Every structure is written in C-alpha cells, then in structure tokens.
Amino acid sequence: MVLENEIFKDFEDIVGKNNINDGKVITTAYAYNWCMEFFNYMEDKEPSPFSSIPKAVILPASTEEVAEIIKLCNKYGIKFKAQSTGLGPWNQPSTDNCIIVDLRRMNKLVKIDEKNLYAVIEPYVSGAQLQVEAMKYGLNCHMPGAGPHVSPLASATSMAGPGFTSPSTGHSARNVLGVEWVLPTGDIMRLGAIGLKKKPDWYNGDGPGPSLRGIMRGWVGAKSGIGVFTKVAVKLFPYPCSTDFTITGKSPNYGFKIPKYLRLYVMDCKTYEFLEEVMLKVDEEEISFMCSHLSGSGLAAIFSNSLQGLIGKAKLAQLKVPIVILITARTDREFDYKQKVMDNLIQELNIKDIIGKSYSPEPVFYAEALRSNLGLHGFITTGSFQSSKGGSDTAAVCLLSTKMNIPLKMEYIKSGAIGNDSGKGVWMTSYESGHYYHMESPTMFDQTDDHSVKGMAEYMEASNQLDLLKHLGAPFFVEGTQMHELFGPHMSNYHIWLRKIKQAFDPNNIADSGFYISPHSKE
Amino acid sequence: MMDDEEYKHLIRRCIRCSICKWIPQLQIKSKKYATICPAIDMYNFHPYSGGGKIILALALEMEKIKPSEELRDIVYKCTECGGCDVSCKFLNNLEPLEIIIKLREKLVDLGYGPMPKQQQYIDSVKKNNNPYNEPHENRLNWLPEDINIDPNAQVLYFVGCTSSYRRKEMAIAACRVLNAAGVPFNILDNEEYCCGSPVFRTGDINTFKDFMNKNVDAIEAKNIKKVVFSCAGCYDTFKVHYPLYRNYNFEVKHSVEFFNELIENGKLLLTKKVPLTVTYHDPCHLGRNAEPYKEWKGKVVNLMPLISIHVPPKPKRCGTDGVYESPRELLKKIPELKFIEMERIKEYSYCCGAGAGVKSAFPEFALHTAKNRIQEAEDTGAQVITSSCPFCSTNLQDAIHESDSLLKYYDINELLMMAIGITDEKLKEFLGEVA
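Protein chains in written order, with our numbering: chain A, 317 to 839; chain B, 450 to 884.
To be clear, the hints were calculated from the coordinates, so they are not data collected in a lab.
As the structure is a computational prediction, the values presented were derived from the model and not from experiment.
Some clues are possibly wrong.
Below, simulated DSBU-like cross-link-like pairs (lysine-lysine); rule was C-alpha separation at most 35 Å, straight line [said to hold, decoys possible]:
| id | chain 1 | residue 1 | chain 2 | residue 2 |
| --- | --- | --- | --- | --- |
| 1 | A | Lys-424 | A | Lys-452 |
| 2 | A | Lys-631 | A | Lys-656 |
| 3 | A | Lys-786 | A | Lys-730 |
| 4 | A | Lys-333 | B | Lys-566 |
| 5 | B | Lys-721 | B | Lys-820 |
| 6 | A | Lys-573 | B | Lys-763 |
| 7 | B | Lys-820 | A | Lys-452 |
| 8 | A | Lys-431 | B | Lys-478 |
| 9 | B | Lys-746 | A | Lys-730 |
| 10 | B | Lys-765 | B | Lys-675 |
| 11 | A | Lys-656 | B | Lys-721 |
Per the computed footprint, the stretches of chain B lying under chain A, defined by three or more beta-carbons under 8 Å from a beta-carbon of chain A, are [stated by the list, open to error]:
| id | region |
| --- | --- |
| 12 | 476–482 |
| 13 | 531–545 |
| 14 | 749–757 |
| 15 | 845–855 |
All C-beta atoms, glycine included, are put in the ideal place defined by N, C-alpha and C.
Using the sequences plus the hints, can you model the full thing?
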C-alpha cells in the first residue's frame with residue numbers, strides 16, 4: 317500500500333472498496349500516456365512514456381464524493397489530478413505525492429434541453445455518446461478535434477477545443493454554459509444560471525454577477541490545476557443535415573449511406589496568400605460546416621484509413637495549399653442557396669474543385685466528418701503525432717506562423733527525427749465563420765524510436781522559441797509553469813495574473829499544477 | 450500470430466486513446482450501448498481495458514512492475530472477446546487481443562497464470578479430456594438411441610465438451626437437424642477430445658498442441674472431408690488456431706453455415722411456423738474471432754525515415770470475416786419468425802461474458818456482462834434471444850434467470866427444430882434439467 321492505511325481507509329469510506337486502488341499495478345498503468353516520452357525529455361528526464369506514479373487511483377461517482385476526496389487531500393497534504401477520458405500527458409501527475417481522481421463513473425447525460433439548445437453532461441460522457449443522443453432531437457454538439465471518443469466536458473472546461481466543425485460550432489470555450497465546479501478546497505461552486513438561488517438552471521454560463529468563465533478555464537484550461545469540473549452544460553446546434561446515419565459493411569471497410577444535403581469541396585489554392593483570400597470569402601458567406609486548410613499530406617491522411625491507403629493517394633498529397641470545405645443543409649432551398657454561393661465563389665476566384673472530377677472520397681469520409689473522427693487519422697503514418705503552434709488569431713497571423721515554421725520543421729525532417737510532410741503539415745480552421753482562426757502544426761513522430769522522440773522534443777522547443785521570436789502568439793499547449801513563465805512576459809504578463817488565480821483558489825496548493833501554474837515562481 | 454519482436458515493438462505504441470473501450474465510433478447509436486469492453490465496464494480502472502493491458506505488458510517488459518497476483522488477476526479478468534481489437538484497428542495497427550494472449554502466456558511461463566480455478570479445468574482436460582471433471586467414457590451419454598450415425602460418412606459432427614456434458618440439448622438439436630436433412634454423419638465417439646480452447650485461452654500452449662494433435666489425428670484417420678460444429682469455441686479453435694500450428698486436410702463449418710446451405714439447397718425444409726420475435730447474439734468465437742489468420746510472406750520496406758510499409762500489404766485481422774450472415778439468413782428463413790437486431794452486432798457485438806476462463810474464475814464478472822447483454826436484447830422488444838455457442842447459452846441463461854427476465858433463450862438449432870417440426874423427448878428432458 318502506497319497510501320498509509322488510515323488515509324487509504326478515509327478515502328475508501330467515501331467511494332467504497334471497489335473504487336480505490338493503490339496497488340503497484342494499477343497505479344503504474346495510470347502513469348502512462350501518449351507523448352509522455354518527449355514531455356519527459358523536454359524536462360531533462362529519461363524519455364520514458366511513464367510519468368510520476370500516483371499514490372492511488374480513486375473513482376468517485378458523484379460531485380459530493382469528489383468534494384469529500386478533495387477535502388481529504390487538503391487534510392493530508394496530498395495533491396490530486398482529475399481525468400475523464402484521459403487522453404494525453406496533461407492527465408498525468410507531476411509528482412508522486414498525488415492521487416488520480418478518475419471520473420469514469422460520472423457518466424450521466426443529465427439532460428438535453430431541446431428548446432434552449434443545450435445538454436448537461438458529466439465528465440465521462442463521450443462526444444459520440446452526446447452526439448447520438450442529441451441527434452434524436454435533430455441536434456448536434458461541438459466536438460474537439462481529438463475525436464468523438466473524448467470528453468466534451470473536459471474540453472469545454474479544461475482544454476482549448478478546436479474541432480473540424482469549428483466554422484459552425486466554434487470551439488469548446490465558446491460552448492460552455494453552466495458549470496459545476498469542485499474547487500481545490502473541496503467547496504462546490506456553480507457558475508452561471510445554475511448558481512442562482514431562485515430557479516437555478518444551466519442555460520447561461522455568465523452570471524449571476526461577474527462572469528468567472530475566464531478564471532475557470534481561460535484560453536486553454538487548467539487541466540485540473542484549479543479544481544474538478546463535475547457537470548457542465550454545453551451548447552447544442554441544429555444537426556447539419558439529415559440525422560439518418562447508416563453505416564454499411566464491416567470494420568475497417570465501412571461504407572456510409574451519405575445523407576441528403578452534404579457537399580464536399582477540395583481546392584488547391586497554390587499559395588498561402590490566395591488561401592487566406594479564399595478562406596475569408598467562404599467564411600464571410602457563413603455557409604460552411606467545415607472549412608479547413610491542411611497540407612497535401614494531411615489531406616491525403618483524412619481521406620485514408622491506413623498507411624497503404626494513404627500511399628495510394630499520392631496525387632492528393634501533391635496539392636500545394638489545399639482547402640477543404642463541407643457544406644450542409646436541411647432543406648432543398650438551403651442546399652441550393654449554399655451551392656450557388658460556392659459556385660459563384662469558385663467562378664469569382666477562378667479556382668478548381670477536384671471533388672467528383674479528379675477525386676471522390678470514400679463515402680465513409682462523410683461519416684467521419686459528421687462524427688468528428690478525422691483527427692485520429694494523424695496517427696496513421698508514424699504511430700504518433702503532436703502539434704506545435706496552436707495560435708488563435710487572424711487568418712493572416714495563422715498563415716504567417718505556418719510559413720515561418722516550414723524551414724524549422726524541414727531541419728528536423730532532414731535529420732530523420734520527424735515525419736516528412738515537407739514542413740507544411742498544418743491544420744487550420746476558421747472559428748465561427750471566420751471571426752478568427754485556429755492553426756496548429758501536427759508533427760508525426762515515432763514514439764518507439766529514441767532518435768525520433770528526442771528530435772520531436774527539440775523541435776517542439778525550437779518551435780516555441782520561434783513563436784516568441786517572431787511574435788506568433790503562444791502555442792495552444794502553453795501549459796505548466798515553465799511555459800507560462802516563458803510566454804507570460806511577452807503577453808501582458810498574464811502569468812502573474814494566472815498565478816494570483818491559482819493562489820486565491822487553491823490556498824493549500826493541492827490541485828496538481830503540472831500542466832497549469834505553480835502558486836510560487838520557484839516551486 | 451505475432452512473434453516476440455513484434456510484441457515488444459507494439460506494446461510501446463498504445464496512445465491511450467481509449468477507443469478500445471467503445472464500439473467503433475461510427476457505429477455508436479446510443480449512449481447506453483456505446484461500450485465494447487466487458488472488463489472496463491465492470492471494473493472501471495483503466496488497466497482492465499485493452500489499451501490498459503497493453504500498458505501492463507509494457508510495464509512488465511520495462512520491469513516497472515513485477516509479475517504478481519495483482520497483475521494476474523487484472524490480465525485474466527478479460528474474456529478475450531476481441532472487441533477492443535476491432536475498435537482499435539479501424540485506424541490503428543496495434544494488436545490488442547494478441548498482446549493480451551501473449552501477456553497471459555508470459556504469466557504462465559513466469560508461474561503466475563492461469564487463475565487457480567482455471568488450472569482445475571486444465572488439470573481436468575489433461576486427466577479427463579474435458580474441462581468439467583467428467584469421465585471420458587460418459588462423453589456420449591447425451592446421445593439418443595434413435596439418432597442415425599453413419600460410421601462411413603465423410604461429414605463429422607464434432608460435439609465438444611460443453612455440449613457433451615453441459616448443454617446436451619445443443620448436441621441433440623444439431624444431430625436431429627442433420628438427420629432431418631438426410632445428411633450422413635459420423636461422430637468421433639471416444640476419440641473426441643477437448644479441442645484445447647480452454648487451455649489455449651488461459652495461456653498453456655503446450656497442452657493445447659497435444660489436444661490439437663489428438664483430434665486432428667483421429668479425424669484424419671477416418672477420412673473425413675467436412676467437420677461440423679455447433680460449438681463456436683471448438684469451431685474457432687479448429688478454424689483459426691489449429692492452422693497456426695498444424696495444417697489439416699478437412700473443411701470446417703459451423704452448423705449455422707452448413708444448415709443455411711442445406712436450406713438453400715432444398716435439403717432442409719422449414720415448414721412449421723415459429724411466430725416468435727427473435728434477436729441474435731453473435732458469439733465472439735463465431736464472429737470477429739473466427740476470422741482466420743492469413744499467411745503473409747513479405748518484407749518491411751522503409752519508404753522514408755519513420756515510415757515503413759509491408760510489401761505486399763500485410764492482411765490485418767479486424768473481425769471483418771467472421772460468420773455473421775449465415776445465422777441471420779437462417780433465422781430469416783424460418784416461417785413467421787420476426788428477426789430483430791440489437792444495437793451491438795457482428796464485428797462489434799458485445800460479449801456474453803463467459804469466455805477465456807472468466808465464467809469459471811470470475812463468475813460475478815461473467816454474470817454482470819451477460820446481464821448487460823440481456824438488457825440490450827430486452828430493449829429490442831424480442832421474446833427470444835438465440836445464439837450458436839454453448840458458453841453464450843449457459844451464461845445468457847444464467848443472466849436471464851438472475852435478472853428475472855421474461856426473455857427465453859433457445860439455441861439456434863432448437864429454433865430450426867421447431868421450424869422442421871421435430872419434437873424430442875430427451876431434449877425436453879434435458880431442457881427440464883436446465884430449467
């Protein structure tokens with residue numbers, strides 16, 4: 317037993333004996349995560365895929381249990397790290413004086429408010445689960461680019477959350493309404509209309525009083541460094557087309573009965589300048605469900621479900637600066653209108669759409685687009701990838717960042733450390749019809765190859781330095797004290813304010829700050 | 450199956466995405482029936498999932514953990530249903546199921562596997578040729594006198610231990626249907642031995658090979674052309690795992706395939722109405738796990754740094770080629786039977802919970818899983834759940850009983866008997882025993 321008997325018993329009394337474990341096997345397994353090897357290397361440790369091993373893993377079933385667990389953590393001076401679906405290194409403890417609070421048992425879809433277009437969910441409801449239930453009402457949810465298997469609550473409260481449907485569904489920060497939040501002290505706070513004394517409900521995330529949404533999550537979230545989110549209301553949107561979702565065939569060769577009113581356009585803009593013009597014009601028309609720029613190799617990847625299939629799409633990979641647009645509609649009239657607008661833009665911009673001409677995707681592409689499964693294609697080539705950059709800015713800044721990153725990336729490609737995407741590997745999407753843009757640079761590496769892992773880590777650090785040097789904004793994985801202290805002085809000293817928030821909300825420094833900010837600069 | 454080098458490589462490639470906990474993302478139709486892994490559904494801690502067990506394999510290899518009873522209990526709390534494998538392989542190239550199988554083998558080699566209860570079964574297989582501690586000479590006690598056996602037939606019905614000793618109604622039904630179709634068939638009599646599935650799935654490969662050789666030798670000595678199984682576990686073992694160690698010169702068919710062909714060829718006439726609403730449970734061993742391994746001889750070509758491909762392309766075993774259509778076609782041919790599907794079917798069917806030694810070692814886990822499946826069947830509005838595997842039969846019937854469900858369970862061949870119009874006193878007697 318890693319926890320002292322008395323302490324273990326106190327935790328066990330909260331969740332019951334089957335829902336806590338401090339055995340070596342369970343706790344070691346929780347120390348593993350995707351990308352840990354190069355995160356470790358970036359911190360001058362061995363490039364092992366394992367983080368610090370937690371003292372125990374505990375599985376609460378309710379907000380009240382979470383609150384009691386956190387109070388005990390305060391009592392015994394043990395840090396906690398919460399996780400829901402658990403993908404990524406930001407779920408990992410940064411110290412071995414920490415327990416993992418695995419929120420897996422909190423998996424209720426509390427309600428769908430069809431009239432007011434929102435759903436209330438617990439941490440372990442996945443994006444696909446929420447989407448299929450929303451579809452029964454003709455509705456849809458925003459899903460982060462990570463995929464339909466991850467937690468919309470985690471994304472809404474604790475991560476950045478861009479997605480392939482961001483032109484029409486925004487990103488996670490923009491979709492969060494009422495929030496139930498267990499603070500690092502164990503107190504339960506309810507943000508938004510759910511905090512009202514009279515007629516509390518989830519429909520509004522701001523108020524009563526000043527909004528705490530910025531404090532609660534800021535730009536990229538605190539990754540449990542400021543408490544645990546146990547329920548959240550997220551916006552719902554009308555489903556973009558018919559909700560008939562019929563998959564045919566058998567995995568992995570699925571077919572899809574493409575619903576009415578979907579049309580895909582893929583065009584090669586040839587230059588980044590022209591891409592900017594095309595994206596801005598398309599977004600201005602507010603017609604696209606998806607509007608993304610990917611590199612040629614990235615484009616080939618989203619249309620392939622295997623490396624072999626990807627190689628067969630070499631022609632797509634040769635496109636210089638592609639743009640992918642998916643328009644959707646619910647009626648003939650809406651569909652006609654959107655297609656006419658696209659036809660006019662294509663004519664006006666003198667650009668060629670290759671879909672139905674030189675290329676037609678497999679029908680299953682449309683299913684994956686509707687279910688937001690495309691991000692997972694990033695793993696096809698080398699087994700792993702991670703993104704540098706992640707700016708949220710104007711199209712011009714995002715593209716400047718894209719261009720400036722190419723020579724840097726090429727250095728590491730030439731060294732054989734990262735996958736060859738000609739340095740152009742990027743995913744850029746508009747948010748909310750082009751109000752602003754997201755850009756990140758997915759970079760392929762092989763987690764089983766030490767040279768690749770170390771090269772990836774060095775590339776990530778160099779990419780961060782480039783962001784600073786060229787004023788390209790902070791990457792969206794700006795997390796942890798070191799990164800905040802690196803970027804903060806260049807960005808209005810935000811890190812000082814972030815630290816004040818941490819100090820105010822977590823007086824005993826109990827929430828693991830490994831991917832947030834430590835309360836003191838020299839911790 | 451993978452060699453040690455591939456094992457050591459692949460256990461470093463899990464991205465901990467948890468896709469293995471869900472049915473393929475594109476197939477999710479409801480929140481309620483979105484999951485695929487019985488073990489994580491029951492025990493909740495991540496290491497119980499397919500990906501979690503890959504992490505355990507890596508941690509063991511890296512000596513971050515030592516072999517222990519704690520590790521053994523987690524690794525063996527798995528039905529080896531392969532659901533994780535199907536979901537993972539939609540986009541990835543990992544082999545979760547083979548890694549789990551190999552991890553069990555390693556635990557056996559290290560002296561930590563199988564579970565004590567499973568060891569009793571293995572001991573019984575070695576001693577009695579069946580896992581149930583029953584005398585070998587009683588293997589044919591189920592056989593009614595009026596069933597016609599033809600010692601010279603080229604079709605063999607392989608009964609299996611579970612149908613011989615525990616689910617006798619399945620053996621009787623299969624034989625009655627064969628007789629009704631006028632198909633001459635033989636059985637192995639006292640030369641039939643356990644197929645080896647229970648020992649293979651708990652990691653004892655040497656004992657498995659002994660039983661494989663005894664059965665194949667006996668069948669080949671009788672000049673058999675076709676072997677028919679009503680047990681999905683025996684069928685999977687013969688079809689998928691025997692060829693990994695030994696080739697044989699006969700064809701294998703599950704009864705649902707063979708009988709469906711007989712109906713199509715007009716040799717089996719379904720004349721009686723069976724006005725029941727029926728749903729079908731895909732056994733893992735007849736479905737996704739019955740997909741054979743395809744031999745690959747090629748090389749790995751490095752296209753560019755970090756990117757290699759198999760030339761020619763290496764076949765990926767994804768559960769695509771399991772036996773899915775035959776039982777459905779067969780059921781749809783039964784007059785007035787209304788066939789209705791559950792949400793999780795075919796390659797992403799939810800496991801009954803009995804497999805890989807779970808029913809013996811962790812009965813509460815097996816029952817928990819089967820109750821989940823029975824609930825799913827009930828939600829279709831069906832009156833009957835049917836399947837084609839004696840382990841599924843036992844476990845699903847236990848769940849029906851434990852959850853006071855109004856569902857009835859029939860083996861698919863019992864439904865065929867109804868459609869043919871056969872009644873059988875001995876079968877009724879056995880069904881009475883079960884009830």
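Verification of the hints:
1. Restraint check: the Cα-Cα separation between A:Lys-424 and A:Lys-452 comes to about 17 Å, which is no more than 35 Å; the hinted pair holds.
2. Pair hint A:Lys-631 plus A:Lys-656 holds up; C-alpha atoms about 28 Å apart against a cutoff of 35 Å.
3. Our distance criterion of 35 Å between C-alpha atoms is met by A:Lys-786 and A:Lys-730, whose separation comes to about 23 Å.
4. The straight-line distance between the Cα atoms of A:Lys-333 and B:Lys-566 is roughly 24 Å, inside the 35 Å bound, and the hint therefore holds.
5. In summary, the hint linking B:Lys-721 to B:Lys-820 is supported, as the alpha carbons are separated by about 32 Å, within the 35 Å threshold.
6. Distance hint between A:Lys-573 and B:Lys-763 is fulfilled; the C-alpha atoms sit about 29 Å from each other, no more than 35 Å.
7. Taking the CA atoms of B:Lys-820 and A:Lys-452, the gap is about 26 Å. The hint holds against a cut of 35 Å.
8. Between the alpha carbons of A:Lys-431 and B:Lys-478 the distance comes to roughly 22 Å, so the proposed pair stays at or under 35 Å and holds.
9. Restraint check for B:Lys-746 and A:Lys-730: the C-alpha separation of about 32 Å stays at or below 35 Å, so the hint holds.
10. Our distance criterion of 35 Å between C-alpha atoms is met by B:Lys-765 and B:Lys-675, whose separation comes to about 27 Å.
11. For the proposed pair A:Lys-656 and B:Lys-721, the alpha carbon gap of about 59 Å is over 35 Å, so the pair is violated.
12. Counting residues of the region 476–482 of chain B whose beta carbon lies closer than 8 Å to any beta carbon of chain A gives 5, which meets the minimum of three for the stated coverage.
13. Under the rule that three or more residues need a Cβ within less than 8 Å of chain A, the assignment of the region 531–545 of chain B holds, with 7 such residues.
14. Three residues within the 8 Å Cβ limit are the bar, and the region 749–757 of chain B against chain A gives 5, so the coverage statement holds.
15. Only when three residues or more bring their CB closer than 8 Å to a CB of chain A does the claim for the region 845–855 of chain B stand; here the count is 0, and the claim is violated.
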